[in-house]
Amino acid sequence: QGKFTLLGDTRTDGSFLVHHFLSFYLRAGCKVCFVALLQSFSHYNIVAQKLGVSLAAAKERGQLVFLEGLKSCLDLLFGEEEEQSGQPSPLQFISESASDLKALFDFVRMSLTPTSSDSWKGPVLLVDDLSVLLSLGARPVAVLDFIHYCRVAVCSQLKGNIVVLVHSNEDSEDEENELVVNSLCHHSDLILWVEGLATGFCKDVHGQIKIIRRASLELTAEQDLVQIYQYKIQDKNVTFFARGLSAAVL
Amino acid sequence: LVFTEEDKYGLYSNFLFKYFLAEGVVCGHELVVASAKEHPDNILKELPAPLLDDTYRNELGEEATAVKSEDFQDSMKIAWRYQNLPKMEASPTTSTKFGHYYDVSKTMSPELFQSIKWHSFYLPEELSSQPKMKTCNMNSAYTRLLQSIQRIIYQEGFDGSDPQKKQKNILRIGIQSLGSMLWGDDICSSDTPEDIHSLTKFLYVLRGLLRKSLSACIVTVPAHLIQNKAIMERVTNLSDIVVGLESFIGSERETNPLYKDYHGLVHVHQIPRLNSLICDVSDTKDLAFRLKRKLFAIERLHLPPDLSDTVSRASKQDLAESAKLLSSGCGAMAIGKKHLDF
Chain A
1 QGKFTLLGDT RTDGSFLVHH FLSFYLRAGC KVCFVALLQS FSHYNIVAQK
51 LGVSLAAAKE RGQLVFLEGL KSCLDLLFGE EEEQSGQPSP LQFISESASD
101 LKALFDFVRM SLTPTSSDSW KGPVLLVDDL SVLLSLGARP VAVLDFIHYC
151 RVAVCSQLKG NIVVLVHSNE DSEDEENELV VNSLCHHSDL ILWVEGLATG
201 FCKDVHGQIK IIRRASLELT AEQDLVQIYQ YKIQDKNVTF FARGLSAAVL
Chain B
1 LVFTEEDKYG LYSNFLFKYF LAEGVVCGHE LVVASAKEHP DNILKELPAP
51 LLDDTYRNEL GEEATAVKSE DFQDSMKIAW RYQNLPKMEA SPTTSTKFGH
101 YYDVSKTMSP ELFQSIKWHS FYLPEELSSQ PKMKTCNMNS AYTRLLQSIQ
151 RIIYQEGFDG SDPQKKQKNI LRIGIQSLGS MLWGDDICSS DTPEDIHSLT
201 KFLYVLRGLL RKSLSACIVT VPAHLIQNKA IMERVTNLSD IVVGLESFIG
251 SERETNPLYK DYHGLVHVHQ IPRLNSLICD VSDTKDLAFR LKRKLFAIER
301 LHLPPDLSDT VSRASKQDLA ESAKLLSSGC GAMAIGKKHL DF
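Protein sequences appear in the order of chains A and B.
Numbering-wise, the first sequence is residues 1 to 250 according to the numbering used here.
Numbering-wise, the second sequence is residues 1 to 342 according to the numbering used here.
Since the hints were made in silico from the structure, they are not lab data.
The C-beta atom is built at its ideal place from N, Cα and C for all residues, glycine as well.
Some clues are possibly wrong.
[Said to hold, decoys possible] A few chain A positions that, by computed beta-carbon distances, are all more than 12 angstroms from chain B:
| id | residue |
| --- | --- |
| 1 | Arg27 |
| 2 | Leu37 |
| 3 | Ser40 |
| 4 | Phe41 |
| 5 | Ser42 |
| 6 | Gly69 |
| 7 | Lys71 |
| 8 | Leu77 |
| 9 | Asp106 |
| 10 | Leu134 |
| 11 | Gly137 |
| 12 | Ala138 |
| 13 | Gln157 |
| 14 | Leu158 |
| 15 | Arg214 |
| 16 | Phe241 |
[Claimed, not checked] Calculated lysine-lysine pairs in the DSBU-like style (CA-CA distance at most 35 angstroms, straight line):
| id | chain 1 | residue 1 | chain 2 | residue 2 |
| --- | --- | --- | --- | --- |
| 17 | B | Lys212 | A | Lys121 |
| 18 | A | Lys232 | B | Lys212 |
| 19 | B | Lys229 | A | Lys59 |
| 20 | B | Lys212 | A | Lys71 |
| 21 | A | Lys210 | A | Lys71 |
| 22 | A | Lys121 | B | Lys229 |
| 23 | B | Lys229 | A | Lys159 |
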């Protein structure tokens, strides 16, 4: 409860973790607000079906609030002149010069605040992925503010969890992105970092994942616990194994 | 969204661009051609002519049989274990018949154009009209292009808005030399451009348009001119496929014996991972291209055997350097630290 999980990837694609968390929380019966900035709804739906969860059904019964970034950006830019009554678009910062993400935060807060008819377990905010916000013109400070407000609202007040995906490269020249990622690393309770093998490309082992449990954030003076596993992605599943013990080797 | 990094002089990326459009003509898709450099009419006049199936297959068949007969004559004596391995195919797609082949020495006949519908966007002509959509701080040329594309998608019903339309067709969009100075963007000329978000915003909105409709798009960008590498990283993140072409013209690799058969290298930086957890990665990562008399071919890069007696130290080091740079892998599958790749 109240945990902030950071998913990161370096030179590979960590989105399989996003799919996993999405189906995990939906199956657990939590109310999920998914801010999907990079792909369309049908992409996530098809993968989720392979993992055994139906996103469309979850949306119907109100368990899933799905913000499809691509679609709402189009609605914002190509929408008709007459504004619909009601809330402004969550991605308003794209068209306005004031680059704060307040509208996006309001959207998140409103969708996760429990109504009287809700019977779900704790709320969850899922973001895929945060680096896109920088590409769209948000300043890094605005992105960090947004995450901070979300943490206060979701983790502290509503006792929910947040899972965020970011991209980062080792010798990246994207300083704004590195700033955001470093800052988030310091504030996360759990970091799952996906990267390639140090020895290069391999067909059987797709990469390795580093799991860091930030025990140092709690008041007990413990060290962070770091575990490293390697993984292979299959069509419906991801198998994890200890380093060097892939099925192809044994 | 196919994102192509142009080679230095834009020669070879033009071929890819034209192939994409030519395939659209042959398949009967609708086309949108956008450029700030050349008038789209001229671009379309220069599309390569499709090869009729029979002639090409004959050519290919001849080559294959010629090689095979040589093979059977001498079986291997020293490396006899290798004889049992399947013969490696130089071009990965000889077995499957997907798409069409084109003859670059001839241009497409105008009759083929008559049957398809195409739209053009030539920036100097469009500058006079006013954009109707909200500008959102994006470059005005990009804004106009997006508006034009959106209008075409909507009017021709590619986004499913018109249920009366029985025939479903695909829209192929080709955008040439995006990000260059001709589009009014200064990311290619200065280290700290005025608006670094224009290109990325454009790509994001374009991605939204493509996802919403039945269309595919190829964008070529003079990546070697973009000073700010952060933009390239963001752009890679926003595209589905990223392919870079590196030609050997004017670089020291032109005289490198390693590359004597080829005109350049193909770097695949990213392949799409759509609708599934994994993507389909081919076995080989080292691709090179060459311009034959009639064909623009992309093949696996063969290292020639190191047979010379008097190999100087310098050239051996060169070969090792190039071999290191070869297998850097692509971004969808994880790649490791550079110096350990072999």
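The hints, checked one at a time:
no.: 1; hint: Arg27; verdict: 17 angstroms, holds
no.: 2; hint: Leu37; verdict: 9 angstroms, violated
no.: 3; hint: Ser40; verdict: 4 angstroms, violated
no.: 4; hint: Phe41; verdict: 9 angstroms, violated
no.: 5; hint: Ser42; verdict: 7 angstroms, violated
no.: 6; hint: Gly69; verdict: 8 angstroms, violated
no.: 7; hint: Lys71; verdict: 7 angstroms, violated
no.: 8; hint: Leu77; verdict: 6 angstroms, violated
no.: 9; hint: Asp106; verdict: 20 angstroms, holds
no.: 10; hint: Leu134; verdict: 7 angstroms, violated
no.: 11; hint: Gly137; verdict: 4 angstroms, violated
no.: 12; hint: Ala138; verdict: 9 angstroms, violated
no.: 13; hint: Gln157; verdict: 32 angstroms, holds
no.: 14; hint: Leu158; verdict: 30 angstroms, holds
no.: 15; hint: Arg214; verdict: 24 angstroms, holds
no.: 16; hint: Phe241; verdict: 15 angstroms, holds
no.: 17; hint: Lys212/B - Lys121/A; verdict: 33 angstroms, holds
no.: 18; hint: Lys232/A - Lys212/B; verdict: 32 angstroms, holds
no.: 19; hint: Lys229/B - Lys59/A; verdict: 39 angstroms, violated
no.: 20; hint: Lys212/B - Lys71/A; verdict: 8 angstroms, holds
no.: 21; hint: Lys210/A - Lys71/A; verdict: 34 angstroms, holds
no.: 22; hint: Lys121/A - Lys229/B; verdict: 44 angstroms, violated
no.: 23; hint: Lys229/B - Lys159/A; verdict: 40 angstroms, violated
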